[in-house]
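**Student:** Sequence:
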Amino acid sequence: MALFPPKNPVPTPTPVPMPAVTKPSTLPPEDINRAKQLGTCIRARFAQTLVGQDNLRESLITTLVAGGHILIESVPGLAKTTAAQTLATSVSGSFKRVQCTPDLMPSDLVGTQVFDFATQKFSTQIGPIHANFVLLDEINRSNAKTQSAMLEAMAEKQVSADNISHPLDELFFVIATQNPRDQVGTYPLPVAQLDRFLFKIVMEHIDREAELDVLRSYKERRKPPANDAFPAVTRSQVMAARAAVDEQIHLAPAIQDCLVDIAQALRSSPQVAQGISTRSLVLMMPALQAAALLRDRGYVVGEDIEWLAPHVFGHRIELAPGVENARKVIKECCKPALEKLSRATLRP
4 MALFPPKNPV
14 PTPTPVPMPA
24 VTKPSTLPPE
34 DINRAKQLGT
44 CIRARFAQTL
54 VGQDNLRESL
64 ITTLVAGGHI
74 LIESVPGLAK
84 TTAAQTLATS
94 VSGSFKRVQC
104 TPDLMPSDLV
114 GTQVFDFATQ
124 KFSTQIGPIH
134 ANFVLLDEIN
144 RSNAKTQSAM
154 LEAMAEKQVS
164 ADNISHPLDE
174 LFFVIATQNP
184 RDQVGTYPLP
194 VAQLDRFLFK
204 IVMEHIDREA
214 ELDVLRSYKE
224 RRKPPANDAF
234 PAVTRSQVMA
244 ARAAVDEQIH
254 LAPAIQDCLV
264 DIAQALRSSP
274 QVAQGISTRS
284 LVLMMPALQA
294 AALLRDRGYV
304 VGEDIEWLAP
314 HVFGHRIELA
324 PGVENARKVI
334 KECCKPALEK
344 LSRATLRP
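Numbering-wise, our numbering comes out as the position in the sequence shown, counting from 1, plus 3.
By construction, these hints were calculated from the structure, which means they are not laboratory data.
Careful: at least some of the hints might be erroneous.
In silico EDC-like cross-links for lysine to aspartate or glutamate, where the CA-CA straight-line distance does not exceed 20 Å [stated by the list, open to error]:
(1) 99 / 140
(2) 39 / 57
(3) 39 / 250
I would like the entire structure built from these sequences, with the hints used as guidance.
**Tutor:** Structure, rendered in structure tokens:
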């Protein structure tokens with residue numbers, strides 16, 4: 004009999020299977036085709052109302068499919084409100100427009116409790132924020148308290164009125180426009196509010212030929228589009244497109260590596276005082292997949308990152324003193340990561 008009995012052998016751990024990179028599709032083929040046709044239908048509606056501004060048009064559609072919100076900035080008169088209305092009216096859903104002013108109150112957006120003398124009870128009067136598409140025109144002309152009222156709605160898809168929470172519809176899309184902050188009567192959006200916008204687009208003037216086209220076709224474009232010419236996109240098409248983004252579009256591990264490389268480059272750049280957060284990278288992934296879907300591609304490539312990075316990261320970084328062009332800084336930080344990505348395998 005042994006003085007010291009042998010120890011129990013250590014069991015060999017069972018290897019844990021790694022999850023597959025690409026999930027099997029549960030969408031029927033007809034839903035996938037409808038999702039791909041969404042971009043075509045909306046672009047046809049834009050062709051009736053807007054000249055030029057292709058970047059803005061594609062950004063609006065991509066944000067819709069990715070399930071985010073968008074902020075459009077420009078000087079007055081560049082058709083940012085027209086573009087927002089065109090997208091909202093291209094989809095069959097409720098649409099509300101709010102003209103933001105300094106005296107606009109949070110209850111004007113969210114709603115409030117109103118006493119009904121006939122029934123001697125309080126009833127909830129909902130505000131315009133409960134629509135599927137909400138256009139906040141000149142959002143930076145509203146005061147800080149009203150701006151913060153949008154934070155809960157955009158982040159959690161619910162609003163609170165008189166200590167009562169009201170859920171918002173699953174299809175909830177905020178299109179906000181703002182004037183440059185150096186103009187009189189503007190209130191800069193807080194950082195937390197800016198971070199809730201997936202995209203921020205800074206519009207520029209259209210070229211000479213496009214501007215001439217606006218003048219020549221001015222009367223024709225003022226006419227409302229025929230309802231049967233370009234049928235509105237249905238709610239189910241939008242939801243099918245979002246499901247296709249999640250289930251059909253392949254996002255290779257090399258794409259994730261590239262995003263982290265870009266984030267590290269921005270944080271270490273001397274031109275950047277504060278880099279992007281991890282949440283920015285998480286939000287970037289469905290935007291990349293949506294961009295690939297709208298280009299009839301089943302996987303994300305470096306061109307998608309090159310196009311989206313300035314729009315998704317530009318309003319999330321703080322530039323160092325003396326640096327003004329965020330778009331240029333982001334492109335410089337993206338270049339080494341994109342060169343490395345060009346040697347990787349991106350197809351499923």
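**Student:** Please flag the earlier hints that this structure goes against, numbers listed from lowest up.
**Tutor:** Every hint satisfied by this model.
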